[in-house]
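Q: Take a look at the letters that make up each chain.
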Amino acid sequence: MSATEPEARQGAEPRTMQAGAKIVVRDVRKTFPTKKEDVNVLDGVDLTVREGEFLAIVGPSGCGKSTLLNCMAGFERITSGSIRIDSEEIERPSPKRVFVFQETGIFPWYSVWDNIGFGLGKMPFDKKHEIVMRYIALVGLEGFEKAFPAELSGGMKQRVEFARALAVEPDVLFLDEPFGALDAFTRLEMRREIVRIWKETGKTCILVTHDVEEAVELADRVAVMTRRPARIHSVLDNPLERPRDSDQPVFRELKDQIFEILGVERRV
Amino acid sequence: MSPRALLLGTVGFAIFILSWHLATLGNQIGDLPGPAMTVRGLVQIAGEGVLWENVVASVFRVAWGFCLAAGIGIPLGMAFGWYPRLRETFNPLVQSLRPISPIAWLPFAVILFGGIRMSSDLAAIFLLFLSAFFPIVTASTSAVASLDLKYIRSARNFGVDGLAFFRRVVLPASLPQILTGLRLALGIAWVVVVAAEMLGVESGLGYQVMDSRNALRMDFVSAAMVVIAAIGLMLDMAMARVEATALARRGMSRR
Chain W
1 MSATEPEARQ GAEPRTMQAG AKIVVRDVRK TFPTKKEDVN VLDGVDLTVR EGEFLAIVGP
61 SGCGKSTLLN CMAGFERITS GSIRIDSEEI ERPSPKRVFV FQETGIFPWY SVWDNIGFGL
121 GKMPFDKKHE IVMRYIALVG LEGFEKAFPA ELSGGMKQRV EFARALAVEP DVLFLDEPFG
181 ALDAFTRLEM RREIVRIWKE TGKTCILVTH DVEEAVELAD RVAVMTRRPA RIHSVLDNPL
241 ERPRDSDQPV FRELKDQIFE ILGVERRV
Chain C
1 MSPRALLLGT VGFAIFILSW HLATLGNQIG DLPGPAMTVR GLVQIAGEGV LWENVVASVF
61 RVAWGFCLAA GIGIPLGMAF GWYPRLRETF NPLVQSLRPI SPIAWLPFAV ILFGGIRMSS
121 DLAAIFLLFL SAFFPIVTAS TSAVASLDLK YIRSARNFGV DGLAFFRRVV LPASLPQILT
181 GLRLALGIAW VVVVAAEMLG VESGLGYQVM DSRNALRMDF VSAAMVVIAA IGLMLDMAMA
241 RVEATALARR GMSRR
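Residue numbers (the UniProt record's numbering), protein chains in the order written: chain W, 1 to 268; chain C, 1 to 255.
Chain C with its partners taken away, still in its complex shape:
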């Protein structure tokens, strides 16, 4: 990051925090908390240890949902991309299911995986799987479907086919778009996990938000929100790093 970008970014934060502070001057615990109250709350919940358990619970669910979605979504999407008949058969279905918020699946997720209450992680993981699955399938489909004809023809010209063709041409050619899809999917999964945990589970950062609200500790709510933002940012930066490393040698990282 350039010094100017760093400076301007800091100014943006400063403007927000100052306005926030002025707007919440004189508020008590139970009202809308100000920045100072949030920081004190953050120190308090961080010291209690329960915060870290909730962080681990949320990250664990996202990791499982995301990995399952990638494991199923990438091969499926690539198959859709390669076989037009398969794509024509299933893509309209996929695109119709995609706009359904994963949260709307919650009642079914509970029936399928959670018993009466959503006590098991499975139900939450199912929702996260759904949230990450659609962007990954869509990105993988379009990555393979838009494969440059000259790459396909080059490979055929040199007699490279079958598994070697997949490994040496299709996979590397579609990698950039698939990685972008993965990054998008991880971001969505992180947004969805908090929402899912507000409804019925008893751990995780979403639960932390609801539990604090029920205890009328709004300073803990805003403190949890800060943690959610920080981890979301870290996940995105990690994915961006993976993307840049994987594509660095193609000169794409310089863009």
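Extracted from the complex, chain W is given alone in its bound form:
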């Protein structure tokens, strides 16, 4: 990583600079006990996520990025260290920060309407309907509210999943390789969608992916993880304006930088 460039780039990003720290991860360690010995997955992870930013975490597969995300969401307990969100230690999952699953985690036994209304709890029907329809419109699924997941394409299911997450008005969205199960064209379309939704709603988004191009395309900053036991190697600023073009020199430089850190030979 070049020493001068990131600083210059940070100056060009006033929005994220002004925003405060939303999630602070400090010296997080996570070990999984197995029959033979404890497996050290996270080995002192430090990371600060700023309010309203789009942060991507990339790393080699099996390095523990999903584990880190699960810990941040409160699904798994950390072995030591601390994860604070708005200065409060995370102990359990909360509708304030919603997890969007790798493959669609929407419920096949519920219609689109019922899926999106799942987290809304008890409220008068009219109010619930108003909220659900608003998010159906946001993700562009008008007319499909009565459809069941089995009747939808992969991309549409992913939209339902986003709408279900957004309907409870969380501050933070955790995205665990959300486009992994989609075909290449739908993936491209959904990346555009998530950027649009992120801009419209201003949520803090944390994306875990092994796709470096996806990370550079979407994120304000890219955190690069090392192999297991994992730490954050470095966090790179992405100065590019949106919409981004993967042919831009800066885009390619950034990708090269990340591949270099990961120690991956990019050319086939």
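None of these hints come from the bench; they were simulated from the model.
Worth double-checking, as some hints may not be accurate.
Capping the alpha-carbon separation at 25 Å, the derived lysine-lysine pairs in PhoX-like fashion look like this [stated by the list, open to error]:
1) W:K146 - C:K150
2) C:K150 - W:K96
3) W:K122 - C:K150
4) W:K146 - W:K122
5) W:K127 - W:K96
6) W:K127 - W:K146
7) W:K199 - W:K96
8) W:K128 - W:K96
9) W:K96 - W:K122
Among the chain C residues that face chain W by a calculated CB cut under 10 Å, a handful are [to be verified]:
10) F158
11) G159
12) L175
13) R249
14) R250
For every residue, glycine included, the Cβ atom is placed at its ideal position computed from N, Cα and C.
Position chain C relative to chain W; hints supplied.
A: Structure of chain C alone, referenced to chain W:
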């Protein structure tokens, strides 16, 4: 059913009936009856009214045994599925009792429910309960134990827990497997009821088979077997229908 499947199915029946006919040519009543004899026998017992009483008796016992097994087996199995400690404690026991044919319980069933003879329906219902109970418990246990982690996490993420979690996530997620278990259990119960009724009761289709044999009316035996097959088939089709209706909206019926 497609026209081809219908045609081929009919051909299968035709081959069987023709072979059956040729193999039993010239047989008298008391020998192995042929298809024509079976049909005549069927018309005769259907006209006597006793057949319908026996049908009702068998269906009644199966219905009770099956419903009791579902009523106890589904909640118990789901509890085993959810609580690993409970499963580890009782599942080996359940799996050890499962291979015992329900018919082997007959002597105890008679002592427990029937007095000296198995005259009461209770003993038969107990056997049918046992036959349906194990497949239902096993299916319900595995349905809940294999619940997708992402459904559990989604629900927790949205703050849905307790009874709402059970009703909105656990139950619908495990429904397909439980329904398959129920269908299997009903099929087994129908097989067992005939066997159970051969031993000591004085009504039901199993009794009809034994009674006809004692009267040396083999044509009535084969006629009763045809009725047993027809009702078994109808029960299975009804369960398949319930399954398809319950799961239709998930797009699973199209499989």
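Q: Does the alpha-carbon distance linking W:K146 and C:K150 stay inside the 25 Å limit?
A: holds (23 Å)
Q: Can you confirm whether the C-alpha distance between W:K128 and W:K96 stays at or below 25 Å?
A: It holds: about 18 Å lies between the C-alpha atoms, which stays within 25 Å.
Q: Minimum Cβ distance from C:R250 to chain W below 10 Å?
A: Because about 5 Å separates C:R250 from the closest Cβ in chain W, which is inside the 10 Å limit, the hint holds.
Q: Taking 10 Å as the limit, does the beta-carbon of C:L175 come near enough to a beta-carbon in chain W?
A: holds (7 Å)
Q: Checking hints one by one. Is C:F158 an interface residue toward chain W, by the C-beta closer than 10 Å rule?
A: holds (3 Å)
Q: Are W:K96 and W:K122 close enough, with their CA atoms no more than 25 Å apart?
A: holds (17 Å)
Q: Hint validation: C:G159 versus chain W, beta carbon distance must be below 10 Å. Holds or violated?
A: holds (5 Å)
Q: Do the numbers back the hint for C:R249, that is, is its least Cβ distance to chain W under 10 Å?
A: holds (5 Å)
Q: Are the Cα positions of W:K199 and W:K96 separated by 25 Å at most?
A: This hinted pair holds, its Cα atoms lying about 18 Å apart.
Q: Taking only the CA atoms, is the gap from C:K150 to W:K96 under or equal to 25 Å?
A: holds (18 Å)
Q: Take a quick look at whether W:K127 and W:K146 sit within 25 Å of each other, Cα to Cα.
A: holds (18 Å)
Q: Holds or violated: W:K146 with W:K122, Cα cutoff 25 Å?
A: Since the Cα atoms of W:K146 and W:K122 sit roughly 20 Å apart, the hinted pair holds (cutoff 25 Å).
Consistency with the previously given hints is maintained throughout, with no hint failing.
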